[in-house]
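Engineer: My request is simple: use the sequences and hints to build the entire structure.
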Amino acid sequence: MYVIIAGGGKVGWNLARELIAKGNEVTLIESERTRYLTIEQELEHAVQYGDATELWVLERAGIQRADLAIAVTGDDEDNLLICQMAKEKYLCERIIARVNNPRNRSWFELLGIQPAVSATDLILRLIEHEVPSYGLVHLLDLRDEQLEIIEVEVTDSSPAAGRAVQDMHLPDGALIISLLRAGRGFVPKADTTIEAGDEVLLVLDPGLEDAITAQFAPGTLDAA
Amino acid sequence: MFILIVGAGRVGSSVARSALAAGHTVSVLDEDPLSHERLEVGMDRTWEEAGGRFTVGHGMEVDALTEAGIHEADVFIASTDGDNTNLTISQIAQKHYEVEKVIVRVMDPARAAWYREQGLHTICPTQHAIEMFTSALGAIG
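From first to last, the protein sequence lines are chains F and L. Residue numbers 1 to 224, in the working numbering, belong to the letters of the first sequence in order. Residue numbers 1 to 141, in the working numbering, belong to the letters of the second sequence in order.
Derived by calculation from the structure, the hints in this document are not laboratory data. Every residue gets a Cβ at the ideal spot worked out from N, C-alpha and C, and that includes glycine. Just so you know, not all the hints are guaranteed correct.
Derived list of chain F stretches under chain L, where covered just means 3 residues or more per stretch with a C-beta under 8 Å from a C-beta of chain L [said to hold, decoys possible]: (1) 53–64; (2) 67–80; (3) 83–92; (4) 102–115.
Structural biologist: As C-alpha cells, then:
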C-alpha cells in the first residue's frame, strides 16, 4: 500500500515509522524545515519537505497513485483541505483526517471528509469507559451506515438484571449482539438470562441511547 | 445587502469601508480585537457610529459566526491571511449556512483555480499580480 502522510508531528512521524515497519511504502510531508531535517535522518527518502496544502507538493509526493492519504497536521483547516484535494482532485479512495478541535468535527462531516479522527474524542471515550458512572459507552459509530455499537453495564438495580433476553422490551432498531460475563464474551440466546455485572453489547440506530440507558442502568444519566 | 466579512486585514477592512459607504449593512469578524482600529482608518467617527458591526472571533466558530450575523448574510467574504482558513470557512458559509454569494481570497493560484472549478467564487491577488507583471514586462519588451 502507498500511503501519504501530511504532517510530521508525533502522530505523523510515528505513523510513518509503523507503516514502513509493516511493509508499506510511505511518504511523509513536513513543512517545518528543522523538523524535516530531524525526521530525514531517520526516514531518509520517505520524508519530503513542503506544504502539503499546495498541489505541487502533493503531486511531487505522488498523490495520484496513493492508496491512502492521512492528514495529521496541527491545523484543522489544513487537514480538511488536504483530504478534500486528495479525495476530490486526485481521486484518492481512502483518506483519514485528524481533528484537533472536536468542535470542528461537524465541518469535516459537512465537507465529506470521513473518517475524521479526534484524539480528544477518543480520550473522552476512554474516560467514559473507565469511569463506570457513565454507564453507557459508545464503542463504535458507523456514521455512514447510521449504526452504532454501545456497551452497557448491568447493575443490581438495572431492570434488565435477572431478565431473559427475549423478555427485554428493547425499542425497534436495537439488538443485543453479545454479553460479557466474567471476562468472557458470548452471543446470548433468546432464553439467556442477563445477570447483574454483565456487560451488554448492543447495535443501535442512532438516537436510542436514552431508551437503552433506562432499561439497563437507571439513574446513571444523572450521574453523567 | 447584508455583507459579512471575515478577516479585517488591509483587504477586508477596505472592502468593509467601501461597502458601508455604499449603503450596505456590513459586519466584520476578526480574531484580533485591535483589527477594529484598521476599520476606522480615514473615518471621522467610530466604525459602529458609522453603522458597522464588529465581532471578535474565529471564522470556524459557530458562536462567532452567529453573533456576526451569518444567518442574515446575503454575501460572505473570506479575507483572512490564511488560504486554508478562507477556503474552509467559505465552504462552510456556502454549504451549511447557504449564504447566497460567497467570495474567497486565495493567494495560491493553483488552488484558487481548482476551487473555482469546484464552484467557489475565488479571487487570487497573486494571479492578478503575475498577469500585471507579465504585461508590464511585455510593454517594456
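Engineer: All hints, please: hold or fail.
Structural biologist: Going through the hints against the structure:
1. 53–64: Three-residue rule met by the stretch 53–64 of chain F, so holds; n is 4.
2. 67–80: holds (count 5)
3. 83–92: With 3 residues closer than 8 Å to chain L, the stretch 83–92 of chain F meets the three-residue bar; holds.
4. 102–115: holds (count 5)
Comparing the model with each numbered hint stated earlier shows that all of them hold.
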